[in-house]
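So you can see what is in the structure, the chains are spelled out below.
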Amino acid sequence: MHAMRTDGRERAEGSVEPPPAPPPEQDLDDTTLVVRAREGDVRAFSVLAERHQGVLYRLALRLVGNSDDAQDALQDSLLDMWRRLDRFRGDSAFTTWAYRIVTNRCLDLLRRRRTTVPVEEIEDRLASPVTTEHTAEVDAGLVALRAALLTLPDEQRACFVLRELEGLGYTEIAEITGATETAVRGRIHRARTTLAGVMRSWR
Amino acid sequence: MALEDVRIEPLACGRDAADVWDHAVAGELDEHERSCPHCRAAAADAAGLDGVVHRLAQERPHPPPTVLDAVLASVRDAVAAELRPQDLLPLDSPAGPARLARPAAARVLRHVVDGMDGMRARSCRIESHTGFDVTVAITVTARFGVDLASVTARVRQMLVAAGEQALGVPVSSVDITVVDLWEDA
Numbered sequence: 001m002h003a004m005r006t007d008g009r010e011r012a013e014g015s016v017e018p019p020p021a022p023p024p025e026q027d028l029d030d031t032t033l034v035v036r037a038r039e040g041d042v043r044a045f046s047v048l049a050e051r052h053q054g055v056l057y058r059l060a061l062r063l064v065g066n067s068d069d070a071q072d073a074l075q076d077s078l079l080d081m082w083r084r085l086d087r088f089r090g091d092s093a094f095t096t097w098a099y100r101i102v103t104n105r106c107l108d109l110l111r112r113r114r115t116t117v118p119v120e121e122i123e124d125r126l127a128s129p130v131t132t133e134h135t136a137e138v139d140a141g142l143v144a145l146r147a148a149l150l151t152l153p154d155e156q157r158a159c160f161v162l163r164e165l166e167g168l169g170y171t172e173i174a175e176i177t178g179a180t181e182t183a184v185r186g187r188i189h190r191a192r193t194t195l196a197g198v199m200r201s202w203r
Numbered sequence: 001m002a003l004e005d006v007r008i009e010p011l012a013c014g015r016d017a018a019d020v021w022d023h024a025v026a027g028e029l030d031e032h033e034r035s036c037p038h039c040r041a042a043a044a045d046a047a048g049l050d051g052v053v054h055r056l057a058q059e060r061p062h063p064p065p066t067v068l069d070a071v072l073a074s075v076r077d078a079v080a081a082e083l084r085p086q087d088l089l090p091l092d093s094p095a096g097p098a099r100l101a102r103p104a105a106a107r108v109l110r111h112v113v114d115g116m117d118g119m120r121a122r123s124c125r126i127e128s129h130t131g132f133d134v135t136v137a138i139t140v141t142a143r144f145g146v147d148l149a150s151v152t153a154r155v156r157q158m159l160v161a162a163g164e165q166a167l168g169v170p171v172s173s174v175d176i177t178v179v180d181l182w183e184d185a
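So the protein sequences, as listed, match chains U and D. Following the numbering used here, the numbering of the first sequence begins with 1 at its first residue and continues without gaps. Following the numbering used here, the numbering of the second sequence begins with 1 at its first residue and continues without gaps.
Since the hints were made in silico from the structure, they are not lab data. A virtual CB, placed ideally from N, CA and C, is assigned to each residue, including glycine. Just to be clear, a hint being listed does not mean it is correct.
Facing chain U, according to a computed beta carbon distance under 7 Å, are these residues of chain D, among others [what the hints assert, rightly or not]: (1) 48; (2) 107; (3) 111.
All chains should be modelled from the sequences, with the hints used to inform the complete structure.
In structure tokens, the structure reads:
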């Protein structure tokens with residue numbers, strides 16, 4: 001018994017204090033992660049991408065209107081961010097920069113789709129967006145809004161989504177879309193009045 | 001950009017339609033806006049849309065994990081394919097040439113700093129010079145209130161030790177810049 005006690009004490013005295021484990025990278029701020037990723041730290045980039053992918057996906061989904069295209073846009077945007085990190089100078093928030101990349105990617109995709117998809121197909125899609133999908137949806141107003149959003153001109157939809165669904169201010173939206181604040185304000189108002197007209201029938 | 005895309009028609013009473021809308025959504029209608037029929041119609045539209053927009057904003061669809069997995073796989077492939085000779089540090093290895101990728105070495109040194117109480121590493125640049133010696137330029141952020149003189153001395157000491165013991169790279173100088181201070185949330 002005595003020997004065991006000694007053993008225990010010796011172990012305690014002899015043990016070297018292990019260096020404290022660093023806090024997880026998930027705790028690091030965006031700026032730190034951006035700097036590290038820019039210097040080739042893939043792990044730092046993965047933490048950054050994981051942190052923001054939900055918000056960016058939501059934006060893409062609302063801009064392009066279906067999950068396949070939204071996933072493509074998100075994937076391309078994240079790769080773009082990795083490649084262009086050295087051009088992100090930190091004058092604006094990382095999220096603003098990321099929103100801009102996703103928005104541009106989605107608007108490009110919509111433009112391309114418009115030139116390659118036959119007009120009738122787009123018209124079909126717009127004519128019956130409610131009946132085919134979301135049949136289990138109980139919130140008819142929500143279904144109607146989602147469908148109506150897709151009928152807006154792309155730039156209007158982008159401004160509306162960034163303002164009303166992401167809660168951004170006019171200045172940041174102008175920075176993201178590359179339009180003037182006056183144009184942003186005008187587009188948002190156009191979108192609001194169009195959508196309000198649609199929603200009147202649901203009140 | 002077409003002009004009509006951005007112009008906001010004033011309401012029949014002369015008020016800016018977008019302003020009335022913003023006031024309605026914020027619950028800040030003034031006396032005129034509460035009594036004027038044109039403003040009230042606009043405010044009713046705003047209220048009607050706002051509820052359903054709010055419900056849509058609350059939806060939180062999430063991308064499947066396959067998206068990020070594919071991105072990171074591509075990034076790792078690109079990193080491996082794009083590794084240039086100047087991204088490699090020569091190691092003093094008697095048995096034959098050995099090199100260490102600079103980002104990997106930087107990662108080890110940042111990890112050492114992150115393990116110190118009140119310190120986080122940001123940029124870590126490692127330059128090789130004559131022989132196998134390297135110099136390290138590191139930027140750090142520190143918790144508000146830590147003794148910067150003693151903590152940077154310790155960073156220097158730890159990086160020299162880690163360079164020699166963990167990486168096998170003699171560190172001839174360490175340049176430390178404290179770029180930001182933070183407070184615990």
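- Item | Ascending list of hint numbers which this structure does not respect | none
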